[in-house]
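Read off the chains here:
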Amino acid sequence: MGRNNAFWFALPAVASLGLFLLYPFLDVLRFSTWDWSGLSEPRVVGLENYRDILRDPDFYNSLRITLIFGVMTLIPFVVLSILLALALDGQPYERPIKALLFLPGLVTLGGAAVAWYTLFSPEYGALASLIPVPRWDQSPFWALVLIMLFTIWRHIGYGVLVVSARLKAIPKALLEAAAVDGATPAQSFRFITLPLLRPAITFLVVIGTVLTLQGYTAVFLLTRGGPFGGTEVLGYYLYKTGFEAGRLGYAAALTVIILLLTLAFALAQARLLREEK
Amino acid sequence: MRWLGHLLVWTVAFLVALPFIWMAYAAFIPPEAVFSGNIFGQLGFSLANFEVLGREGFWEGFWGRLLFSVLLTGGVTLLQLTTGFLAAYAIKEGARLLPFFLVLLAIPVELLLVPLYGLLVGLKILDTIWALVLPFAASPFIVYLLFQGMRTVPEELLEAARIDGAGHRVLLTRILLPLLRPQLIAAGVLAFAAHWNLVLYPRIVAGSKELKTVQTWITDLQRQNPADWGPLSAAALAATLPLVIIYLLYERRIVETFEEGLKG
Numbered sequence: 001m002g003r004n005n006a007f008w009f010a011l012p013a014v015a016s017l018g019l020f021l022l023y024p025f026l027d028v029l030r031f032s033t034w035d036w037s038g039l040s041e042p043r044v045v046g047l048e049n050y051r052d053i054l055r056d057p058d059f060y061n062s063l064r065i066t067l068i069f070g071v072m073t074l075i076p077f078v079v080l081s082i083l084l085a086l087a088l089d090g091q092p093y094e095r096p097i098k099a100l101l102f103l104p105g106l107v108t109l110g111g112a113a114v115a116w117y118t119l120f121s122p123e124y125g126a127l128a129s130l131i132p133v134p135r136w137d138q139s140p141f142w143a144l145v146l147i148m149l150f151t152i153w154r155h156i157g158y159g160v161l162v163v164s165a166r167l168k169a170i171p172k173a174l175l176e177a178a179a180v181d182g183a184t185p186a187q188s189f190r191f192i193t194l195p196l197l198r199p200a201i202t203f204l205v206v207i208g209t210v211l212t213l214q215g216y217t218a219v220f221l222l223t224r225g226g227p228f229g230g231t232e233v234l235g236y237y238l239y240k241t242g243f244e245a246g247r248l249g250y251a252a253a254l255t256v257i258i259l260l261l262t263l264a265f266a267l268a269q270a271r272l273l274r275e276e277k
Numbered sequence: 278m279r280w281l282g283h284l285l286v287w288t289v290a291f292l293v294a295l296p297f298i299w300m301a302y303a304a305f306i307p308p309e310a311v312f313s314g315n316i317f318g319q320l321g322f323s324l325a326n327f328e329v330l331g332r333e334g335f336w337e338g339f340w341g342r343l344l345f346s347v348l349l350t351g352g353v354t355l356l357q358l359t360t361g362f363l364a365a366y367a368i369k370e371g372a373r374l375l376p377f378f379l380v381l382l383a384i385p386v387e388l389l390l391v392p393l394y395g396l397l398v399g400l401k402i403l404d405t406i407w408a409l410v411l412p413f414a415a416s417p418f419i420v421y422l423l424f425q426g427m428r429t430v431p432e433e434l435l436e437a438a439r440i441d442g443a444g445h446r447v448l449l450t451r452i453l454l455p456l457l458r459p460q461l462i463a464a465g466v467l468a469f470a471a472h473w474n475l476v477l478y479p480r481i482v483a484g485s486k487e488l489k490t491v492q493t494w495i496t497d498l499q500r501q502n503p504a505d506w507g508p509l510s511a512a513a514l515a516a517t518l519p520l521v522i523i524y525l526l527y528e529r530r531i532v533e534t535f536e537e538g539l540k541g
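Protein chains in written order, with this note's numbering: chain A, 1 to 277; chain B, 278 to 541.
Keep in mind the hints are simulated off the structure, nothing from the lab.
Keep in mind that a hint or two might mislead.
Keeping only pairs whose Cα atoms sit at most 25 Å apart, straight-line, the calculated PhoX-like set for lysine-lysine is [claimed, not checked]: (1) B:K489 - A:K168; (2) B:K401 - B:K486; (3) B:K401 - B:K489; (4) B:K489 - A:K240; (5) A:K168 - A:K240; (6) A:K240 - B:K401.
Using C-beta positions, here's what the derived DEER-type ranges look like [to be verified]: (7) A:R190 - B:T288: 33 to 41 Å; (8) B:A438 - A:A15: 24 to 32 Å; (9) A:L26 - B:A325: 36 to 44 Å; (10) A:R271 - B:I406: 44 to 52 Å; (11) A:L196 - B:R500: 46 to 54 Å; (12) B:R332 - A:S129: 22 to 30 Å; (13) A:P76 - B:R500: 25 to 33 Å; (14) B:L285 - A:Q187: 15 to 23 Å; (15) A:G182 - B:A437: 44 to 52 Å; (16) A:Q187 - B:F291: 31 to 39 Å; (17) B:R500 - A:L22: 54 to 62 Å; (18) B:N502 - A:Q187: 53 to 61 Å; (19) B:V447 - A:T202: 41 to 49 Å; (20) A:A15 - B:R332: 39 to 47 Å.
Selected chain B positions facing chain A (Cβ under 10 Å, derived; list incomplete) [stated by the list, open to error]: (21) G331; (22) Q357; (23) R529.
A virtual CB, placed ideally from N, CA and C, is assigned to each residue, including glycine.
Full structure from sequences and hints, please.
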């Protein structure tokens, strides 16, 4: 049959992923014990980077901002995904609207950021000439709101898709039976639909947490961590120390810490949301 | 209750579409309207903003960067589809590699900037085109999507072809390639968008002028002239439109692919 030699067809993918994904993923541990700027000769410093991070007030500040941003983004994201999926379900315009909601996630990020910037900038923006726009260039809170809106804008289509796929798997007979037994729509939502949506919600919360803990592109494009470091999320702090301040060893140790944090959060959430029945 | 649902959907839909509508409008604003501050007062139509984009000379200006990015990302997409197609075939044929790719799927690529940079320095390909190509030669996500597609091909079909003396090459090119066309298209669009939307990575590993991607070019322009939105919007529109068109052509396929992926 000649089946065994089919293994070789996977070689290009396996070799390239091994070298450019798996190896760097493990190698980050080695870099994290270096004092290295990328240009200089690396100097081995052991666990010094980790010790410094745990004493670094900027790190804790960045962690705090990331957690605030995460809570601020995840709750409206999940709630909006559920509400939209429910409102869209079975409507004649379900398909085209879903297609539209999905679009921002695929289009050119830099271009999208330009559109947002020219529209919402309190100084130069088009909207500012019609209505007062909060000064997100001066207020860290409003800057976080802007990043939150941009993030939700980009991912809402995916969120709706996840909830919607789950919603369609709920047998209609179940809801009809509840209606026959005299349940109000609110009751059948609370006691039938919502519990059955739990896997989808868990999935969104875990994925969303991972993305907020690690994301930094929106911050880079819209606020660059400002104003006054108010939007310096962990991912952006990592980029800044590594590639603007040239402390690659320190940034590698930060990478390890962010990975561990992500893992801890995702596991805790998955467990919490599963057991809470 | 029902009208509340309609209201929510259409409000969100409008807000989601707003930046696109604005981008298309601002790209054609006459420059005088921007400087006089009267943006919505008189409707004007002008191509001046697009002319400004070509000013720096072709290859280092916007149009050259757009062409460079399309070729680069197009090439990377073809490469990913090829390696992914072959790997999916190997798994279909019995190579026990699916767990390997699924584990890799969980590795957050965005976080690997530092070790990847170190690796590129070690391989001496920093600031070359290879830094933008080789790390993206394969994608576990694409392998997974194409394998999902191949799972639906009945084994009897391949068995019958084999009895007729078909080798790997015939199975791959004559049978699986046409059958997997829809999955290849969806995977291709997603792979294209993923590479096209890299923002920080190209800036870090390939910063020189002749390697700048269109994303970097736009971000730089935004940094230099934040108030000059005419040309900014024109560049944003020209860089976004190709993706929007591809997406609209294959929208149904792409959304379905995501839905299938969710069923896992």
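Verification of the supplied hints:
1. At most 25 Å may separate the alpha-carbon atoms for a hinted pair to count; B:K489 and A:K168 exceed this at roughly 45 Å.
2. With a CA separation close to 19 Å, the supplied pair B:K401 and B:K486 stays within the 25 Å bound.
3. With a C-alpha separation of about 19 Å, the suggested pairing of B:K401 with B:K489 holds against the 25 Å cut-off.
4. Distance check on the hinted pair: B:K489 and A:K240 sit about 20 Å apart at the alpha-carbon level, within 25 Å; holds.
5. For the hint linking A:K168 to A:K240, the alpha-carbon distance of about 44 Å lies beyond 25 Å, and the restraint is violated.
6. Taken as a hint, the A:K240 and B:K401 pair is honoured in the structure, with Cα atoms around 23 Å apart against an allowance of 25 Å.
7. One distance hint, 33 to 41 Å for the beta-carbon pair A:R190 and B:T288, is violated here, with the actual separation near 25 Å.
8. Range check, B:A438 to A:A15: Cβ separation about 28 Å, and the 24 to 32 Å hint holds.
9. Range check, A:L26 to B:A325: Cβ separation about 53 Å, and the 36 to 44 Å hint is violated.
10. Between A:R271 and B:I406 the Cβ separation comes to about 45 Å, which falls inside the hinted range of 44 to 52 Å.
11. Between A:L196 and B:R500, the C-beta spacing of about 48 Å keeps the proposed range 46 to 54 Å intact.
12. Distance hint check: the CB atoms of B:R332 and A:S129 are about 27 Å apart, consistent with the given range 22 to 30 Å.
13. At about 30 Å, the CB distance of A:P76 to B:R500 agrees with the hint of 25 to 33 Å.
14. Separated by about 21 Å at the C-beta atoms, B:L285 and A:Q187 satisfy the suggested range of 15 to 23 Å.
15. The given range of 44 to 52 Å is broken by A:G182 and B:A437, whose C-beta atoms sit roughly 58 Å from each other.
16. Between A:Q187 and B:F291 the CB atoms are about 32 Å apart, so this pair conforms to the stated range of 31 to 39 Å.
17. Hint check: B:R500 to A:L22, Cβ distance near 35 Å, so the stated range 54 to 62 Å is violated.
18. As the Cβ distance of B:N502 to A:Q187 is approximately 57 Å, the hint placing it in 53 to 61 Å holds.
19. Taken as a hint, the range 41 to 49 Å holds for the pair B:V447 and A:T202, whose Cβ atoms sit roughly 45 Å apart.
20. At roughly 44 Å, the beta-carbon separation of A:A15 and B:R332 lies within the given 39 to 47 Å, and the hint holds.
21. Hint status for B:G331 relative to chain A: violated, with the closest Cβ pair at about 18 Å, above 10 Å.
22. The interface hint given for B:Q357 holds, since its Cβ lies 9 Å from the closest Cβ of chain A, which is under the 10 Å cut-off.
23. Taking 10 Å as the C-beta contact cut-off toward chain A, the hint placing B:R529 at the interface holds, the least distance being around 8 Å.
The earlier numbered hints that this structure contradicts are 1, 5, 7, 9, 15, 17, 21.
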